[in-house]
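Generate coordinates for the entire structure from the input sequences, incorporating the hints supplied.
Sequence order for the protein chains is A and B.
Just so we're aligned: the first sequence equals residues 29 to 138 in this note's numbering.
Just so we're aligned: the second sequence equals residues 239 to 352 in this note's numbering.
These are calculated hints, taken from the structure and not from any lab test.
Just so you know, not all the hints are guaranteed correct.
So these bits of chain A aren't anywhere near chain B, every CB distance computed over 10 Å [claimed, not checked]:
#1 P72
#2 T77
#3 S80
#4 N124
Covered stretches of chain A (in silico footprint by chain B; criterion: 3 or more residues with CB under 8 Å from a CB of chain B, positions within the stretch not fixed) [to be verified]:
#5 60-71
#6 98-108
Everything numeric in this text was worked out from a predicted model, so none of it was measured.
Every residue gets a Cβ at the ideal spot worked out from N, C-alpha and C, and that includes glycine.
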Amino acid sequence: EDQVTQSPEALRLQEGESSSLNCSYTVSGLRGLFWYRQDPGKGPEFLFTLYSAGEEKEKERLKATLTKKESFLHITAPKPEDSATYLCAVQADGNNRLAFGKGNQVVVIP
Amino acid sequence: SAVISQKPSRDICQRGTSLTIQCQVDSQVTMMFWYRQQPGQSLTLIATANQGSEATYESGFVIDKFPISRPNLTFSTLTVSNMSPEDSSIYLCSVGQGINSPLHFGNGTRLTVT
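Here you go:
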């Protein structure tokens with residue numbers, strides 16, 4: 029069974045204080061690893077897809093990286109508007125389903 | 239990406255009743271899924287909504303409890319039947335355009351059962 033574990037569950041950052049979120053996964057053949065951002069009362073918003081170890085994707089202050097066992101979402105010099113829950117999900121080969129982690133809740137304090 | 243509209247956005251229902259949630263997409267999509275999000279838990283896939291045929295349910299979810307329709311490539315409904323307080327959750331519709339495309343989500347329906 030595909031499993032995704034995200035850590036830390038919750039993180040409070042001062043504005044400008046860079047940090048990283050971890051997503052550890054086990055899957056029987058990785059087709060893709062996905063990062064989403066979810067704001068309160070909203071559905072998850074797609075951020076990145078990573079397909080193979082060593083791949084990196086960037087968007088504004090966010091950078092996602094992938095190894096064979098885990099992915100990191102690096103938040104550089106965060107701003108209060110980066111406060112959200114970040115969700116990691118994996119998709120296995122031959123499968124349309126996504127298996128999600130519980131999320132990393134990030135609060136950025138001005 | 240597709241614009242996904244879910245109705246209702248929230249509802250409070252009495253136990254024993256049923257609620258039908260609608261998901262409308264502004265373009266034709268290949269894949270439609272229904273997820274449940276409970277507080278402190280991962281998003282959990284309920285079923286894949288198949289156009290013109292019966293939905294494919296995940297382990298732990300059954301058609302009698304969560305009947306799903308998908309009459310065309312832009313619309314689906316999920317019914318939560320004979321509700322109990324344990325069904326209180328956020329229900330999310332998601333869509334995808336192919337095996338290598340990311341899923342996009344609606345804003346969800348927040349259901350409270352009293």
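No chain B beta carbon within 10 Å of S80 of chain A's: At about 13 Å from chain B, S80 of chain A clears the 10 Å cut-off, so the statement holds.
Three-residue Cβ test at 8 Å for the coverage of the stretch 98-108 of chain A by chain B: Violated - the stretch 98-108 of chain A has 0 residues with a Cβ nearer than 8 Å to chain B, which falls short of three.
Hey, does P72 of chain A actually stay past 10 Å from chain B on C-beta? It is violated; P72 of chain A is separated from chain B by about 5 Å at its closest Cβ, not greater than 10 Å.
Interface-negative label, T77 of chain A against chain B, beta-carbon threshold 10 Å: The claim breaks: T77 of chain A does not keep its Cβ more than 10 Å from every Cβ of chain B (closest is about 5 Å).
Within the stretch 60-71 of chain A, is the number of residues with a Cβ closer than 8 Å to a Cβ of chain B three or more? holds (count 6)
For N124 of chain A, is the shortest CB-to-CB distance to chain B above 10 Å, so the non-interface label stands? violated, 6 Å
The structure shown violates the earlier hints numbered 1, 2, 4 and 6.
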